[in-house]
Structures are given as C-alpha cells and as structure tokens.
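Residue numbers (this note's numbering), protein chains in the order written: chain D, 1 to 367; chain U, 1001 to 1276; chain E, 2001 to 2314.
The hints are simulated quantities; they were obtained by calculation from the structure and are not laboratory data. On a predicted model such as this, the values are computed, not experimentally measured, just so you know. A hint or two may mislead.
Unchecked claim - Here are some, though not all, of the chain E residues that point toward chain U, as calculated from beta-carbon distances under 10 Å: (1) R2023; (2) L2114; (3) P2122; (4) L2168; (5) G2171; (6) D2172; (7) L2175; (8) P2261; (9) M2293.
What the hints assert, rightly or not - Looking from chain U toward chain E, a few residues come up when the C-beta cut is under 7 Å (computed): (10) A1019; (11) A1026; (12) Q1040; (13) Y1064; (14) S1119; (15) V1123; (16) D1159; (17) S1167; (18) I1250; (19) S1252; (20) V1255.
Idealized CB from N, CA, C, for every residue including glycine.
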Amino acid sequence: MASVEFKSVTKSFGDFKAVSEVNFNIGDGEFVCLLGPSGCGKTTSLRMMAGLETPTSGQILIGGDEVTHLHPKDRNIAMVFQDYALYPHMNLADNIAYPLKVRGEAVANRHGRAREVADVLKIGHLMDRLPSQISGGQQQRTSLARALVYPAKVYLFDEPLSNLDAKLRLEARGFLNHLQRDMGMTAVYVTHDQAEAMALATRIAVMDQGKIVQYASPIEIYRRPATTFVANFVGNPPMNLVEVDGTQAGGQLVLKGEGLAMAGLPMTDAIGNALASSSKLTLGVRPEHLSLTAAGATNSISAPLFANENMGPESLVTIDRGEGARVTARIFTDDHLHVSDQVSLSFSAEHVHLFDAMGKRIPAVGE
Amino acid sequence: MNLTIPAFFGRIAFSALAALIGAVFALPLLWFLFAPFNAQAQMGLAVPDPWTLSNFVTVFGNSYAVQALWNSFIQATGGVILVGAAATLAAYALSRSSVPGKGAVTYVLLLFSSVVSGSAAMVPIFLIISAAGIMDTHVAVILTFAGGLLPTAMFILRDFIDSIPKSYEESAMVAGASPVQAFFDVALPVIRPGIVVVVVWSFVNIWGSFLIPFVLLRSSDNMPASVAIYSFYSEAGTPIVTLLAAYSLIYSLPVVALYLFVSWKFGFRFFGGIKA
Amino acid sequence: MTTEPISTQPQRKVRNFALLSNRAGAAFMLPAGLLVSVFVIVPFFWVIFVSFTNRTLIGKTALNPDFVGLGNYLALFDPATFFQRGQFGFSLILTTQFVLMSALVGQALLGLLLAWLIQTVPPWIKRITETFVIAAWILPEVVIGFAWFAFLDRDAGTLNMLLTGLGLPPGDFLLQQPFWVIVVFNTWRGAAFSMMLFNSAFSSIPPSYFQAADVAGASSWQKFRDIGLPLIRGHIVTDLILITMWTFNTFTPFLLTNGGPSYRTELVSIYNYRVAFQDFQFGKGAAVGVIMMLINLAFALIYLRLGRKKAPKS
C-alpha cells in the first residue's frame, strides 16, 4: 500500500483544461472518492494516476516515487473499469489470472490464487464460464477479482458500480466498503453519485471544472460545504439555496427574502467582509432540517405548496416561491397538504448556512 | 392479428410482388441447377435425363482446369494473408496510436482508393509489374490485389476497432502487460471477428476477379479459374457447354460456402459492407 | 505472497502515453503503406506521366517512348471523330447512359423497392427473394457472364423459351438490343447492394415510428413516403454515389458482350482495355485512365464532403 500525491498537475486536451493545477495528497490506506459532475476532471485525474493519460505539467507521486511519465505496467497499480473490460475470449479463471500471467506466474499458482480471490467474491463456481455467460453483478465482481488478485500499491476504481441496478449497487457498495477497511488498501474511487462517495470514502475530493473545490471527510463536506456548488451536489435532495438580501442592523445580520421570516443572526467579521462587497447572500438549509410550522413563525419560509411526494415514512414537501425558486423539506408524512395551500417551513438558526455573493461559505460562529 | 380486408390484400400483393422479383432474379441462374448434371447439356433449360456427375469427372480429369482452381486458391490465399495482416496492423495503428498526420493519411488513402480503380489504372499497374520483373507470376497478382484491396480493408477494420472499448488494452496494461502482450493477448482476439470479415471479403474479391489476372498473366500455368474458364471454348469459339457448366459450379462453391459461413456467423446484415 | 512486484523490472518512461506508441504505430502502418503506395498511389501519378507519351506495348516506343505533350488527349477529344462508334466520346456518352439507367434508375429504385417489400412480407418469401438477389451479386463475374450468355441464347435460351411460352416473339437480344441487355444485366447484378443498404437503413428506424403511423391510420405508401424515405435520405445519397462510382468503373459487361457488337456496349473501362491491350497504345490508354480517375475524383470528393458533414466527430 502506498500514498498518492498530485503536485500542481494540469492536463489539457487542446484548448480545454480537463484538470487545472491540482494539488492533493492521499494517505496510505485511505479511501478517497473523486466526486463531481461529468466533465469535472475526476476520471482524467484517475487515469493520470494509472498512467493512461500523461499530465501536461506537474508531478504525480505514488509511494513517494515520481511516476509522472511511467508506463502503466510499471506502476504496480490495479484498476476496475466502468465497463469492467472483461476479455470476452477468456473464461473467468483466465480473466482473473491474467495479471499473474503477465507477471510470469506458473499456471498452477495463478489459477490457485485466482480461485481463492473468486471464492471470496462468491464467483468461484463460475470459473469455466465466459463473461458473456454471467450476470452483470457477477461481471462486476469478476473485474474486482482481477484487480485484487495481485498486491498493488494503489487500487483505482472508475465508476465501477454505475452499470448495476439500484439493489445490486447497494450490495456491492457495502461489500467494497468492508473490503477496503478489511485490507487497509489505498483506494481512489471516481463517482458522480454523492451517496456512494459519502458511504465509501474516508475523504472526498469534490471537483468542478478541473479543480478541487473541497477536499475533506464526508461529514465535514455535509456539515460545512465550502461553496454553494458543494452544498448543491451533496445530499439527497440537495441543500435548499435561497437568494437573500443581507443588511447589518443593531449589531445583527438581518436577512430579507420572498416569504422569509427570520430573526437577526449574530454578526461576525466574516459576515461583515462579505457584506462589504455585496449585500447579495445565499441562505442554505438542508431539507432534513426543515419542518412544518404555523404561518408567520420566526425562522420560517412560506410559499404555496408545489408538490407533496410520499416516500413511505417520510415525504418530500416542495413549496414554490415563484420563478422556479423552490424549497424542499423532508418531513414525516402528512396527508393533509394540498397543492396551492400556503405552507410554512421552519428551521433553527444553528442549521443555517451562509454563502457570499461569490458562492463561498461564510464561516459560522465558532468555525 | 386483425387485418382489414384491404390491408390483407395489400399484404398478398406485396408478397406476390416480392416473390415475382425473386423469381426474375432466379431465372438466369436456374440453368446452373441442371446443366452441370446433364451430359448432353445445351444452352437451353432442360432437366437432365439421367442426372449424372460425368461432367465433373471430365473437369477433374482435365489437369489444366484443376491447376487453374489451384492457382485461384494460391492467389486468393496469398492476397488474403497479405491484406489480413497488413490491414490489421495498420487499422490498429490508425485506431489506437496518435501518430501525427494519421487523419491526413486516412483521408488521402480513402480518396486514392476510390479514385484508382482497376479498370482506370490497368496501364500503370501493368507497367509497374513489368518494371518489377514479376510479370506472369502469382506474386504479381497477389501484390496488386493486396495494394488495391488494402485501403477498404483498413477502413472496415478501423471502424471495427474504433467500436471496441480501449479499456480492454488499458486494463491489460494497468495489470502489468507490455504493449506487445496487450496486443496479442487481448486486442487481437477481440478484433478477430473484424479480421474474419476482411479476410472473407478479400477472398471473395480476388477469387471472383477477372480483369487483373487477365492483364497480368500470360502463361496457362498461372491462370486462375476466372480466366482459364475461357479455355472451355472450342477452336471455333463456341462454348463446350457441359464442361463450362460443371466448372462454373465448382468455381462458385467457395464463394457460396463463405457467404453461408459469414451469414451464419455474423448474421445477414454484415454483407452490406462486404463488396466494393 | 508469491508475486514479485513488477518494479524490479526495467522501467520505461513515456513522454505521452498512448496504447500504441508513435514509433510502433508507424511500424504497424509500414507494410500497408508500402503496398498501397506502390499499387495505388504510384499508378495514379505514373498514369498521368504515361498519358503524355506515345508508349506502346511492343515495338521501339515500348522501351523509348517519346514525349507527345497533350497529343493523346487531343486524339481522344478530336471533334472530327469524337462521337463516332468505337471512339472515346461515344464510349463516354454510352457509359453515362449506362450509369444513369442501370445504377441510378435500375439498382437504386429496385433496391429501394425490394428493401421496402421485404420489411413487410412473410419471412420465408423474404429469405428466398434475398437469397437470389444476393446470389446475383456475390457469384464470380465470369460465372454470371456465362449464365446470362446461356440465358439470352437465341435458339434455346431460357428467356426465349419463356417468351415463346407466353406467346411473345423471341429475339436475339445480344445482337438487337445490346445496350439494354447490359443495363438490365447490371441492374440485376448490383441491386443487392442497394437493397441491403436500404434494408439496414430501414431497420435502424425505431419500429415505434411506424406503429405510431399505423395508429394514426397511415397506408403503407404514406408510411414509406412520410417516414421511411425522409429518415434514410443520408443513406440514399451514399448509395447513389457508391453505385455510380462502381458502375462507372465496372468491367463485367465485357464478359457478356466483349464490348460489341460493333462497339455498341463499349463502356470506357472496356474502351481503355481495348486501346491499351488490344491496340497496344499505352499512352492513349493512360490518357483514358487519367480522365476516368478525374471523374472518380469528383465523385469521391463529393462523397467525402458529405461523409464529413454527416459524422462530425465530437
């Protein structure tokens, strides 16, 4: 197992900068998720670790050694591909044992080792089958087995679960989580699914437009998103972001917005700095921190009901503040709500997130 | 299915029309079902009485005719090996490497291959073969066909390789395979169906071709069946129908067999790209 | 663990990773590049060079041809003889009519009709019809040539037998209507390609499009005109250009008619052959080759232009 380090790595394709001056460090035994929308540079970053893309500039280190220009075969890494890349002409045994074959292992050894790994992944009974003769979930585990069959310094995962259906994905996610903690392997995992990242990672690097926007533990990212982009990307449904107008009055911050009724918030230097450049702020509240309340309550937001979606124990209640600005709350199911009813949702001051006009987080008191 | 009466008759009319066109296409070929098995075959359509294989016996007893089939086989096989190997390597490079100027090379090749047809370039091809001192040899025919068929073969194969995910070779290399190992262990087996298509296509083309061997070969020892078939004419220029019929059937068999093989293996659609 | 870490092996530096390095890529392209250069690209330039000489197959000028400038071209386009039978102009016009009638009208229309028909007919009719249409296309050209020779035989041929049976007058078509014989022959020979191209084009249209039209009460003809045809417009253009080029260059009718009788089926490809290899005038034959290539070039450029527009690589 080994650490991975990016030193101001840039990758351009023509005029397009897929990855731009990225610096980060993955500790030995960490499980890091690269999270972001498509085109954010997460897959390119992973492929540069694998050696499948060469950085335009910057350095990549694995286990302290520079590997920037090393051929993939010389990096001693393992990778699971999104499409699994199982060789259609080899049976599972030969597929899984292929990395051992190119390492010059004797046939008996490599098939024995392949069988061991396959048994752990519960595909040991399928070793004579061709990839086309097994299910999608089994194919996914075969590709995992092929990566685990030899000891690699770093394990790379390129959206390995995105081709599975929802139920299998949950199952495979749990298994991967257990496996990584069990083996203590260094893993880098690319995904656009925030729930997957939250569930698996020890740290998440949220990427946008070729840059890392925030690199922190899942709980930190959930509790203190660094930007509105992160706030909007993490959480299901994502954080509600409400455009507000902020003014300082009597040592307190007063926020005004359509349907918004709020008590003043304590002023801080950070808020003062933000207000100095613009009074336009963004107020963020997570859906799970909102609850139904009577009209006119303090720290509440009111608007006509847009939709009430029953999800079983809880419901998603969405109100429409006009011009598509909607606020969603996750509450215990309430059947008495009807479309166009005026609904008020309240929240407590400690769950309020504030972002400045540039979308950057304004630290709360004590942060 | 519930069909209205007009729709029902519409379907019947469609079927009748399709069957009629099929019959018209079959007519000129019907003769080949009977004449090869008829010891007294004439130009006319006649059911053999009795059915016999004597025409085939005569053909196989004619050493020149057998030699010509063998020549066709040598030329087609030689051409196919060259086209298959060179096209596979080149198409792989066009698809997977980033050699500078490969886009331009592709464009130029595509352009030339459609501009330089056998019937337009017969004079310079004759001169090149003559200058190389290989006139009237199998090699001349093989090389000429290889050069002429390669551009199209390369494009068929490049499209095929482009459609194969790069993750096959990438996963092999990440797992520790060298580029050579990745090519032979993974890429080559995966693109084999494409190679089969190109090989069959080239074989059918060379096997059936008349003009190039007609122009490049002189001696009867080297003539392929497509040219040698004209020796089944009497001195007066009238065809020896019995032998021609039997020989044509034998000569057509490999093409039919390959066609059946390919449509069984790859389905019918594939043949859309098989002939240029 | 029994596995050795690979890092003990010599490590290779790559400047810019690709699945196949530039050097290997160039080596891979070399054999094909050489063959294509010698047998496709060199002939292209050589034929231009030869067309400016009086090179012959035998005699003194076979070894030491003289430079004759545009002489061969002037001879080809000599207004005094241009349109006479057996001359270049006659051959060129004949070929144009041949391409128009047998490729653009015959093959394309018949192929389109067949492709549409076999979408709807019962599978067994579809299979039988397809088999014969494709057999006409894949069988070796000399076999096809002989089959038609027998088919059209004046005394005993299948066609005259049929005509007589239907009470129609028989004829010696190879002698009386040689041009129409090769038009029908080439239509018959090549319709399979258009049929298969259009067939695959039609099958790539989602069936729901036609079902929606069925629900709306469209007739078969309306479905063809309003849905099928507009959606395969690109394929039609591709098909027309390809069959035009192939028909323009085809040599197969030679096997049926030898270019005769009295040059009445002498297409430019056959004219080229006669001038170069029967009259032994290589210089003049080369000039014919150059003109054929220029015509091919025009079609190829149109085709490539359209192909580029159709598939802008993302």
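So, going through the hints one by one against the coordinates:
1. Restraint check, R2023 (chain E) versus chain U: the minimum CB separation of about 9 Å is within 10 Å; hint holds.
2. With its C-beta approaching chain U no nearer than about 6 Å, L2114 (chain E) sits inside the 10 Å limit, and its interface hint holds.
3. Given the 10 Å rule on beta carbons, the hint for P2122 (chain E) holds: about 6 Å separates it from the nearest Cβ of chain U.
4. A least Cβ separation of about 15 Å between L2168 (chain E) and chain U goes past the 10 Å threshold, and the interface hint is therefore violated.
5. A cut of 10 Å between beta carbons decides the hint on G2171 (chain E): the least distance to chain U is about 15 Å, and the hint is violated.
6. This hint is violated: D2172 (chain E) has a C-beta 12 Å from the nearest C-beta of chain U, more than the 10 Å allowed.
7. With a cut of 10 Å, the hint placing L2175 (chain E) at the interface with chain U is violated, because the nearest CB-to-CB distance is about 15 Å.
8. At about 14 Å, the closest approach between the beta carbon of P2261 (chain E) and any beta carbon in chain U exceeds 10 Å, and the interface hint on this residue is violated.
9. Satisfaction of the interface hint for M2293 (chain E) is found here, the shortest Cβ-Cβ separation to chain U being roughly 5 Å, below the 10 Å cut-off.
10. Among the interface hints, the one on A1019 (chain U) holds; its C-beta lies about 5 Å from the nearest C-beta in chain E, closer than the 7 Å criterion.
11. For A1026 (chain U), the interface hint holds, since its Cβ comes within 7 Å of a Cβ in chain E; the closest pair sits about 4 Å apart.
12. Violation of the interface hint for Q1040 (chain U) is found here, the shortest Cβ-Cβ separation to chain E being roughly 12 Å, above the 7 Å cut-off.
13. Taking 7 Å as the C-beta contact cut-off toward chain E, the hint placing Y1064 (chain U) at the interface is violated, the least distance being around 16 Å.
14. The restraint placing S1119 (chain U) at the interface with chain E holds, with a minimum CB-CB distance near 4 Å, inside the 7 Å limit.
15. With 7 Å as the threshold, the beta carbon of V1123 (chain U) comes within range of chain E, its nearest partner Cβ sitting at about 5 Å, so the hint holds.
16. Evaluation of the D1159 (chain U) hint against chain E yields a violated restraint, the C-beta minimum of about 11 Å exceeding 7 Å.
17. With a cut of 7 Å, the hint placing S1167 (chain U) at the interface with chain E is violated, because the nearest CB-to-CB distance is about 10 Å.
18. Here the hint on I1250 (chain U) is broken, as its CB sits about 10 Å from the closest CB of chain E, past 7 Å.
19. A least Cβ separation of about 5 Å between S1252 (chain U) and chain E falls short of the 7 Å threshold, and the interface hint therefore holds.
20. Because the smallest distance between the Cβ of V1255 (chain U) and any Cβ of chain E comes to about 6 Å, under 7 Å, the interface hint for this residue holds.
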